[in-house]
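One line per chain: the protein sequences are A and B, in this order.
Quick note on this note's numbering: the first sequence kicks off at 1 and runs consecutively.
Quick note on this note's numbering: the second sequence kicks off at 1 and runs consecutively.
It should be emphasised that the hints constitute simulated quantities derived from the structure, not laboratory data.
Predicted model only: the values in this text are computed from it and were never measured.
Glycine included, every Cβ here is placed at the ideal spot set by N, Cα and C.
There's no promise every hint is true.
Pulled a few chain A residues facing chain B out of the computed Cβ check, cut under 10 Å [as the list claims (entries may be wrong)]:
| hint | residue |
| --- | --- |
| 1 | G161 |
| 2 | D163 |
| 3 | R165 |
| 4 | Y166 |
| 5 | A169 |
| 6 | A170 |
| 7 | T172 |
| 8 | L173 |
| 9 | G176 |
| 10 | T213 |
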Amino acid sequence: MTRPARRRQRVPLALLLPAGLGLLFLVLPLAGLLVRAPWTTLPRRLAQPGVLTALRLSLETATAATLLCVVLGVPLAWLLARVEFPGRRLVRALVTVPLVLPPVVGGVALLLVFGRRGLLGSWLDATFGVTLPFTTAGVVLAEAFVAMPFLVIAVEGALRGADPRYEEAAATLGAGRWTTFTRVTLPLVAPGVAAGAVLCWARALGEFGATITFAGNYPGRTQTMPLAVYLALETDVQAAIVLSLILLTVSVAILAGLRDRWVGTA
Amino acid sequence: MTTPPLLDAHLVADRGAFHLDLRLRIGAGEVVALLGPNGAGKTTALRALAGLDPLSAGHLTLGGADLDRPDRRVWTPPERRPVGVVFQDYLLFPHLSALDNVAFGPRRRGADRRTARARAQGWLDRVGLGEQARRRPRQLSGGQAQRVALARALAVEPTLLLLDEPLAALDARTRLDTRAELQHHLGAHPGATLLVTHDPLDALVLADRLVIVEQGRVVQEGDAATVTARPRTDYVARLVGLNLHRGHADGHAVTVGGLTLTTADTVRGEAFVAFPPAAVALHPNRPDGSPRNVWPATVTGVQRHGDNLRVQLAGPVAVAADVTPAAAAHLGLRPGQPVWAAVKAAETRAYPA
């Protein structure tokens with residue numbers, strides 16, 4: 001038997017050059033953030049009350065939006081993956097609309113439906129006295145609207161990859177559809193749900209356009225980190241850098257932590 | 001059978017161009033093997049019995065209860081049928097331990113957690129896997145996974161136990177052990193058992209009765225001795241390793257193609273003649289002497305078959321002959337070579353078609 005000749009892997013320059021530029025393009029802005037950060041005044045700036053408030057609001061609303069997406073999105077993904085119904089392709093297309101829709105347009109659309117004079121909003125206001133725009137709940141709604149497609153697509157993919165015959169095996173053992181879903185299907189696609197939730201959470205954390213349009217920019221109530229960064233940029237660039245750094249650190253840390261724990265094989 | 005069978009089914013189903021029409025009756029404690037080539041409808045039949053696909057006509061009665069009866073719009077979903085299934089690749093839930101896999105059925109059928117687990121442990125002990133209860137399916141060997149799957153199906157105490165190619169995924173050595181184990185457990189099962197397989201050995205060892213299907217229909221049915229001695233289709237003949245020909249009989253002579261074979265049995269009308277390849281003797285020249293069936297043939301192929309060589313012959317009838325390597329060397333067998341084939345009447349079997 002002859003051993004295959006050891007050959008140096010040649011990478012064509014036409015691919016190597018743009019690849020390197022692409023990497024630089026992605027990393028350079030982050031490096032710039034680190035270089036320009038006011039490291040000496042960092043502790044003092046971090047202690048400012050507005051910063052922590054915005055950070056907490058961001059984490060809370062992103063988490064709440066993710067929960068909302070999981071509760072509504074997993075059943076939706078199951079429906080798309082497991083049930084044959086007319087118009088399924090149309091429904092799948094509709095689910096992905098927020099993905100391509102500019103977030104600001106999404107915010108306007110939310111305002112038209114859930115606004116005080118909106119289609120549902122006026123009824124909610126009249127019946128329950130609930131108003132959503134320009135409230136923390138509105139932030140959650142805006143974030144969930146933008147982030148849900150990420151979850152639905154990830155979970156539907158996981159469901160399609162999971163062998164439906166496990167569900168048939170569960171049925172022959174006496175499990176109804178609901179029990180099969182909770183005891184067999186969901187555990188089987190748990191990594192997919194976790195991956196989808198992480199993506200969804202990251203998208204919600206960074207949400208800006210729909211949030212500022214639908215919920216406004218009230219410190220402590222609807223001003224999340226991205227909004228605070230944007231606002232600070234107009235008055236105090238140093239503050240904007242600090243806020244950006246915090247957002248970057250927190251999201252990377254949490255994503256890394258979750259990835260190791262839940263999405264280890266992904 | 002004097003008592004009514006536990007399972008009484010007439011399975012009619014259409015899957016595209018494929019049409020299944022199968023009558024099946026299995027008594028309590030009886031093990032029936034559904035044997036057939038790939039695409040014969042075995043899996044369709046199993047899925048219909050389990051309730052994973054509905055029948056399009058016919059009926060399915062188990063223990064006196066109609067489970068599927070399209071004409072009366074009766075249909076019981078799989079989760080409410082007293083049916084246990086061992087799937088071909090077992091389908092053990094990968095996120096549950098062996099114990100929880102087996103406890104899954106009893107739990108779903110109303111037992112509380114402790115009772116279900118105790119019952120599951122009992123079943124694992126019975127299949128000899130009490131020690132492996134905590135293991136996940138991926139930590140089990142193929143043979144162990146097969147036994148867990150069997151325990152899981154039996155733990156719901158099914159009236160009808162279905163096994164889909166239960167030994168197909170195992171290597172030869174494990175298969176031998178597991179087959180013996182399986183035979184023991186199937187013997188102890190008080191309900192009806194249907195074993196779906198394309199392996200004749202599984203069917204012969206494990207089943208009391210064979211039902212052979214081809215193209216969605218029963219082509220032959222009976223105990224192992226009858227089916228192996230008197231095959232009625234080429235598929236069955238190949239399974240049991242016999243030359244089979246259909247012809248017209250007139251007493252001790254059966255005319256097949258242009259050849260008349262003398263047989264020991266007496267038959268009249270349409271008939272089958274069967275004889276083992278080992279009964280076919282090959283000669284370089286026309287043999288004379290004892291009254292034999294003799295005809296000229298041409299070698300079309302030679303393959304190894306156990307310790308012997310199996311020679312495929314063309315001629316007035318196509319047959320297979322088994323010869324020893326020494327005889328083959330003496331004859332100098334190679335494709336295209338003319339030989340004389342001879343079969344003693346006493347080694348043939350003739351029976352009405």
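> Given L173 (chain A) was flagged as interface, is its beta-carbon under 10 Å from a beta-carbon of chain B?
Replying inline: holds, 4 Å
>> Checking hints one by one. Is T213 (chain A) an interface residue toward chain B, by the C-beta closer than 10 Å rule?
In response: violated, 42 Å
> Minimum Cβ distance from G176 (chain A) to chain B below 10 Å?
Replying inline: Holds. Min distance 5 Å.
> Holds or violated: is there a CB of chain B closer than 10 Å to the CB of R165 (chain A)?
Replying inline: holds, 6 Å
> How about T172 (chain A): closest beta carbon in chain B under 10 Å, or not?
Replying inline: holds, 4 Å
> How about D163 (chain A): closest beta carbon in chain B under 10 Å, or not?
Replying inline: Interface hint status for D163 (chain A): holds (8 Å vs cutoff 10 Å).
> Close enough to count: is the Cβ of G161 (chain A) nearer than 10 Å to one in chain B?
Replying inline: With a minimum Cβ separation of about 13 Å from chain B (threshold 10 Å), the hint on G161 (chain A) is violated.
>> For the restraint on Y166 (chain A), tell me whether the closest CB of chain B is nearer than 10 Å.
In response: holds, 6 Å
> Was the hint right that A169 (chain A) lines chain B, CB cutoff 10 Å?
Replying inline: Hint holds; A169 (chain A) Cβ to chain B Cβ min 4 Å, cut 10 Å.
>> Under 10 Å is the threshold here; is the Cβ of A170 (chain A) close enough to any Cβ of chain B for the hint to stand?
In response: holds, 7 Å
Comparing the model with each numbered hint stated earlier shows that hints 1 and 10 do not hold.
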